[in-house]
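Undergrad: Each chain is listed here by its residues.
Number of protein chains: 2
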Amino acid sequence: MEFHIENILNDLKKDDFQAYLLTQFTNIEYISNYKPTSFAFCILKEEPIIYASKMDMEIANKNSTIDVREYESFDVMIGDLKKEGIKSLAIEPELAFSTYEKFRDDFSIESKTYVNTQRMIKSPQEIDNIQKATEIAQKSFLELDILNRNDFESVVAFDLVKSMIENGASRESFDTIVTSGANSSLPHAVPEHKSLEQPILIDWGAIYNGYCSDNTRTMVYTEFQHEIWDIVAEAHDKAIKAIKPGLKCCEVDKVARDIISEYGYRDKFIHSTGHSLGLDIHETPGFSPRDETIIEKGMVITVEPGVYLEGEFGVRLEDTVSIDKRASVIGDLPLSI
Amino acid sequence: MEFHIENILNDLKKDDFQAYLLTQFTNIEYISNYKPTSFAFCILKEEPIIYASKMDMEIANKNSTIDVREYESFDVMIGDLKKEGIKSLAIEPELAFSTYEKFRDDFSIESKTYVNTQRMIKSPQEIDNIQKATEIAQKSFLELDILNRNDFESVVAFDLVKSMIENGASRESFDTIVTSGANSSLPHAVPEHKSLEQPILIDWGAIYNGYCSDNTRTMVYTEFQHEIWDIVAEAHDKAIKAIKPGLKCCEVDKVARDIISEYGYRDKFIHSTGHSLGLDIHETPGFSPRDETIIEKGMVITVEPGVYLEGEFGVRLEDTVSIDKRASVIGDLPLSI
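Order-wise, the sequence lines are chains E and W. Just remember that the working numbering sits 17 ahead of the position in the first sequence, which is counted from 1. Just remember that the working numbering sits 17 ahead of the position in the second sequence, which is counted from 1.
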């Protein structure tokens, strides 16, 4: 994490806001190194402050790089802000409506993505953490020896998580997907208590030092499965090759989508081509048909085209890339297992 | 799940709303039996509808008991509602501000807890699921043989989750807490890669058929630890005995808090006495000093007093009770291990 509060203060000044209210745990962690465990309110201003819950005070005092006060009530917090003469408040787009309701009578409010925007560009230290998380996840995947397993999907998923933890991850970065046979046509399938069928699709990641990794591999068997795999691999490879600073995110999505379309599977590619990751497994920007964000050096984004044939099977191939002059794949796990 | 849409339609009519917008995954699951995996918008009205993401269409069509349409854009969805003459919209308090922003120009909007309120009262089938989740979790805890373990906290946590899955849980109901020594004074401690110290505090739960369980046990060793344990156990037992329909939730909190206060530890009990659970691990109402909800038959709520001595240790004891004429503890794990 390499947070520069001056940038946010400049953003605020530019947009005529006096303070920025944050409640998303990873935004607060990014800013202060303290990750809330129940709830917290972080007010960014010249003298930033975090209102932490009583039960978090010990850990907040220990970890936070900015001042912490014990949360008492909305009234007290709002009173503090008004005493400071604060009248205009920027908020996160994700803020719960019920929290917005507490503030809306006393402040002029608008949603802003200042912190999310800063989080789009990863520092070298952040990229190192994502790299380490990816290495742990990929090593653990290889230790599964998936081609020689004849277990329940749920057992394989469990062994993969166990291996990631033994290899140094703090935990999985999202619910590990081990799916097979017809269920692989569900992009977010849940591992079942049934033996592996064909093909096998595994989508998994580790968390290291707070940072996520994300990969998918699909192990195919029949000629038709191989045919689909080749299409997805072509989309994966060409999308990665297309990535460069200055391009719009949607243009990368288009590269992958056009290839899949050429083979006649346009309506079988039912999600975006990729998403950023970091402290969260899903961050902005993403390689989606509607995301016009300009690609910049320092972004870390997944590339994960897929083809999903309902009732038959699905194939998805996913790597995470870090972007400099071009995109480099993080980790070294072969696409074909 | 035993959802009665007529009740919600009556609530809407009574409050002069034409529709109710839901986006919380467990609310949508409760209503439709389809749990979104990326995002979805459920509109409750005479003819309820779910707008599901393209990638969820297969599973939504398979599981949902109410009509599903593929989400295209906010504009299309809002256009559909306006075509039906809908002008007033109730929303969940948790709705993201950015979603509220999309709707606010076209509808008169207020937040309502209709579904959460219905979810407060569990059906016999829901209680059965919580009971089964609790049995799995408690059986798995006993299999740990915690008093004879000399492992890392993280390994014990891992073994507990593994055991729950082997015993039939779909997963843990929240990040399993295995903490020990001085770290046990953190209510939401994260298991560390270090050997168990004394005391040992374990807070864990399973998910069975979508429903959560939640328990905490603290294994104490020194005389002083035993002294604190006895105080917490007294608060735990007397709070449970005090529970009955007609009382306010805060009155149960007061029973536990007063006992801990009598022994001089008022400011060391740094959280609420309990929370409801069900499809979510934290639901309303809770046994907190500010919750004036009247206790009713069918509620399922945890009782988990604790005393946290920073730099020394913490003790928490937690059971989940289901409420009929009085409260019955779910599961049969002794408080003293």
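Hints may be right or wrong, so weigh each one.
Which copy is meant is left open, because identical chains are indistinguishable; a pair holds if it fits in one copy or across any two.
[Stated by the list, open to error] Derived lysine-lysine pairs resembling BS3-like cross-links, with alpha carbons at most 30 Å apart:
{"#": "1", "residue 1": "Lys255", "residue 2": "Lys342"}
{"#": "2", "residue 1": "Lys179", "residue 2": "Lys156"}
{"#": "3", "residue 1": "Lys255", "residue 2": "Lys30"}
{"#": "4", "residue 1": "Lys342", "residue 2": "Lys99"}
In case anyone wonders, no lab produced these hints; they're calculated from the structure.
Undergrad: At most 30 Å between alpha carbons: which applies to Lys255 and Lys30, within, between, both or neither?
TA: neither (42 Å within a copy, 55 Å between copies)
Undergrad: Is it within, between, both, or neither for Lys342 and Lys99, if the alpha carbons may be no more than 30 Å apart?
TA: neither (47 Å within a copy, 47 Å between copies)
Undergrad: Indicate which option fits the pair Lys255, Lys342 if close means a Cα-Cα distance not exceeding 30 Å: within, between, both or neither.
TA: within (16 Å within a copy, 66 Å between copies)
Undergrad: Should Lys179 paired with Lys156 be assigned to within, between, both, or neither, using CA atoms and 30 Å as the limit?
TA: both (12 Å within a copy, 21 Å between copies)
Hint violations for this structure: numbers 3 and 4, all remaining hints satisfied.
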